[in-house]
Amino acid sequence: MSTLPLLKLPVLCINEILINTDIISLVSLSLISRRSKRLVRTTKTSLTGFNIKFYKDVTEVQFVTSEKKEVRSWFFKIEEKESSGGQVMEMSFKDDVIHSYHSAMDIQQSVKLGVEYLRDLFAKPILEVFLFPDDIPYPFYIGFKECNNLYMKGEKPIRNEDLKNVLENVLIKSVCIIQLPVNADFKCNNNALKFNEFSSLAKEAHWITREVFLNLKCSRIYLQHTLLDAHDFMAYFERWYYSNDKHFEVMLLETDKTFNGLNLERFNPIPWNTQLRGQHFL
Amino acid sequence: MTSPASSSEVKYLIESSEGNTFDVSGAALRQSNTFNAMFLNIGADGPIPFTDYNEATLKKVFEYCEHSVNEENYSGPKHQDDLSKWDLNFFNEMDQKMFIDVINASNFLDIERLTSYCCERIARMLRGKNTQEMIKVITLPTAEELEAKQKVEEKKAAAAKKVAEKAAETAEKTETLEELPVQQLVQTTRNKLTRKYLSFSNE
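So the sequence lines, in the order shown, correspond to chains R and Y.
Under full-length UniProt numbering, the first residue of the first sequence is numbered 1, with each subsequent residue one higher.
Under full-length UniProt numbering, the first residue of the second sequence is numbered 1, with each subsequent residue one higher.
These are calculated hints, taken from the structure and not from any lab test.
This one's a predicted model, so the numbers in the text were calculated from it and none came from an experiment.
C-beta atoms are modelled at their ideal positions from N, C-alpha and C, and glycine is treated no differently.
Careful: at least some of the hints might be erroneous.
[To be verified] Distance condition first, Cα-Cα at most 20 Å in a straight line; then the derived EDC-like pairs of lysine to aspartate or glutamate:
1. R:K8 / Y:E120
2. R:K8 / Y:E9
3. R:K164 / R:D120
4. R:K8 / Y:E153
5. R:K203 / R:D135
[Claimed, not checked] Far from chain R, by Cβ distances over 12 Å, these chain Y residues were calculated:
6. V10
7. S84
8. F90
9. A123
10. V137
11. T139
12. R190
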């Protein structure tokens, strides 16, 4: 069968073909040549961004679209493959997924390059990052600079340097949820803890000391199993009460300590009334 | 024969690149936005020339239009899975060359439905293929080919420039050659007249 001269077709037809082509095929097409990459770059897609999930052996990059279709993904897998002719990685394209195989040594770099390639190709943001760091054998790092939401979940404590690396080097624009044990001696640059919403839902969050707590710059805060007490809370509250901070919305604080000494009487609190609250009440 | 009528019984004559003509119903032709824009209101006094496309291609395109005349109003492309048996046969009968010609003609005639189906069909051909497999389906010029093409174009441009320069030179020469006898003639006449005047004044 003769081949189809894609670029010799009328421009409108090329455009329509590319609009009808699924994301995975567009990635494959973009890898043929610089010109085909340029074509894909100018194509309108229903893609809204990427979700990235880091597991022990696999990293999954999901293509999130505005249509409610099945999810399409690129799986970066740790699998030793004999490289031939200097080929860096082997890839396979199936209907809905791309598989690429890497050694444990270079998988993180490959994920970084892959995500950079996709972001350059489609000019879309990283929406959500899911990190499951249990048993990841190598020092972990996220190779990109920003994402909207970050979720960390696990049973085992995350290595201090890994968590520090994530929190200090990735700009988390909206939500950060930490649902894994963090070592009590964990320390990071407190200025990095600026999120719209911050939740620490681990069974032990003793790393959130008074100093860390007072440095949190978040609209919504939900902390469990901390060692904070009522004095810490009062200090936070008082500072907010006398400040111009209009972003703070809600805080739920659960501590492993007794919570005595909470005194809000001098602020003349009034009973809860939904009628008096603004439309932005959660 | 070819009048600006809206009746579906009106037939129009279409002329292909071979110079052959054939009939197409008005209803089928009205699916072409190009036709609508060009001829529907003003009509055509003779065969409508679509001479960039051969007879076989035009007949194939209008065969599709004739078939879809009775279908409900077009509302976006149907997926290939939803195509009728007739549609599938229509596409499967075509070889690659004819398929490309049909896309080009359909695009020129602006027959939205046919163009969409053709494009979606190509998109289907690309689905689930890796880069190597994709290269077997579509032809994309490689970097070397593009470079070679650019060189050929540059050579052509240089050759055209040379020809233009030569033509300009020749034109200049011709101008001077043509001008010389006239100037000489003027000069001689002027001399003669001067001489005559001098002799007359001497007398």
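Going through the hints against the structure:
1. R:K8 / Y:E120: Between K8 of chain R and E120 of chain Y the Cα gap is close to 17 Å, so the pair holds against 20 Å.
2. R:K8 / Y:E9: The hint is violated at about 37 Å.
3. R:K164 / R:D120: The given pair, whose Cα atoms are some 27 Å apart, is violated under the 20 Å limit.
4. R:K8 / Y:E153: 17 Å, holds
5. R:K203 / R:D135: 19 Å, holds
6. V10: 29 Å, holds
7. S84: 19 Å, holds
8. F90: Nearest chain R Cβ is 18 Å from F90 of chain Y, so the label holds.
9. A123: 4 Å, violated
10. V137: 6 Å, violated
11. T139: 4 Å, violated
12. R190: Label holds. Min Cβ-Cβ 65 Å, cutoff 12 Å.
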